[in-house]
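Engineer: Heads up: the protein sequence lines correspond to chains A and B, in order.
The first sequence maps to residues 34 to 130 in this note's numbering.
The second sequence maps to residues 34 to 130 in this note's numbering.
Some hints could be false.
Note: identical chains are not told apart, hence a pair may lie in one copy or across any two.
Stated by the list, open to error - Quick list of in silico lysine to aspartate or glutamate cross-link-like pairs, EDC-like style, CA-CA up to 20 Å:
| no. | residue 1 | residue 2 |
| --- | --- | --- |
| 1 | 65 | 37 |
| 2 | 127 | 95 |
| 3 | 86 | 111 |
| 4 | 127 | 111 |
| 5 | 86 | 37 |
| 6 | 89 | 40 |
| 7 | 43 | 99 |
| 8 | 86 | 39 |
| 9 | 89 | 117 |
| 10 | 43 | 117 |
| 11 | 65 | 95 |
| 12 | 127 | 99 |
| 13 | 89 | 39 |
| 14 | 86 | 69 |
These aren't lab readings, by the way, just hints derived from the structure by calculation.
Protein chains: 2
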Amino acid sequence: MSAEIEEILKRYGNYPNVAGIIIVDAFAIPIKTTMEYTLTVHYAALANILLMKGSKMTQNLDASNELTALRLRTLNHEVMIVPEENFFIIVVQKPGQ
Amino acid sequence: MSAEIEEILKRYGNYPNVAGIIIVDAFAIPIKTTMEYTLTVHYAALANILLMKGSKMTQNLDASNELTALRLRTLNHEVMIVPEENFFIIVVQKPGQ
Numbered sequence: 034m035s036a037e038i039e040e041i042l043k044r045y046g047n048y049p050n051v052a053g054i055i056i057v058d059a060f061a062i063p064i065k066t067t068m069e070y071t072l073t074v075h076y077a078a079l080a081n082i083l084l085m086k087g088s089k090m091t092q093n094l095d096a097s098n099e100l101t102a103l104r105l106r107t108l109n110h111e112v113m114i115v116p117e118e119n120f121f122i123i124v125v126q127k128p129g130q
Numbered sequence: 034m035s036a037e038i039e040e041i042l043k044r045y046g047n048y049p050n051v052a053g054i055i056i057v058d059a060f061a062i063p064i065k066t067t068m069e070y071t072l073t074v075h076y077a078a079l080a081n082i083l084l085m086k087g088s089k090m091t092q093n094l095d096a097s098n099e100l101t102a103l104r105l106r107t108l109n110h111e112v113m114i115v116p117e118e119n120f121f122i123i124v125v126q127k128p129g130q
């Protein structure tokens, strides 16, 4: 899995204005991060809740459907949450021009 | 408010691949929709929960920050949720090419 994770860090690291990337396992534990530890843990826990809610919402509306990504836009930054098979990815971006 | 709402319907109606627009008031009650009723109620309730979670998450991470939009990408469509002062907007889009 570690090669896959390095590949993900590289891929999302090329996105514009990336402030941080966090990889979180199925138990909501951050297994890789480019951000400060306290912030990482905070992001991981909250993104996990949001992802569960978003997945449930999607499947409630249509059981054959599946959530593929969730994006939060805030005044200060954007947060993208991408579920994968056994983990999920959080990408924090500074807003573009 | 009704002129504001007509303006919103017109604005988001011009977005590409729009399948539906729902305006939901502060009590999570849909006040305007271009979608079928049962689906509208379902979307409104679930989007309301997600929006509350997303707002709380944003403010937990930084009390001075504020959620400005939430976007779900699924296999079948995209859902954008935009909070306004006294209501929120749900825009359902078919995925682009």
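Engineer: Are the hints correct? Go through all of them and say.
Structural biologist: Now the hints, each set against the structure:
no., hint, in the structure
1, 65 x 37, "within (12 Å within a copy, 45 Å between copies)"
2, 127 x 95, "between (33 Å within a copy, 14 Å between copies)"
3, 86 x 111, "both (19 Å within a copy, 16 Å between copies)"
4, 127 x 111, "within (6 Å within a copy, 22 Å between copies)"
5, 86 x 37, "neither (26 Å within a copy, 30 Å between copies)"
6, 89 x 40, "neither (29 Å within a copy, 32 Å between copies)"
7, 43 x 99, "neither (26 Å within a copy, 29 Å between copies)"
8, 86 x 39, "neither (28 Å within a copy, 30 Å between copies)"
9, 89 x 117, "within (16 Å within a copy, 24 Å between copies)"
10, 43 x 117, "within (16 Å within a copy, 36 Å between copies)"
11, 65 x 95, "neither (33 Å within a copy, 22 Å between copies)"
12, 127 x 99, "between (27 Å within a copy, 14 Å between copies)"
13, 89 x 39, "neither (29 Å within a copy, 31 Å between copies)"
14, 86 x 69, "neither (26 Å within a copy, 23 Å between copies)"
Checked against the numbered hints above, the structure violates hints 5, 6, 7, 8, 11, 13 and 14; every other hint is satisfied.
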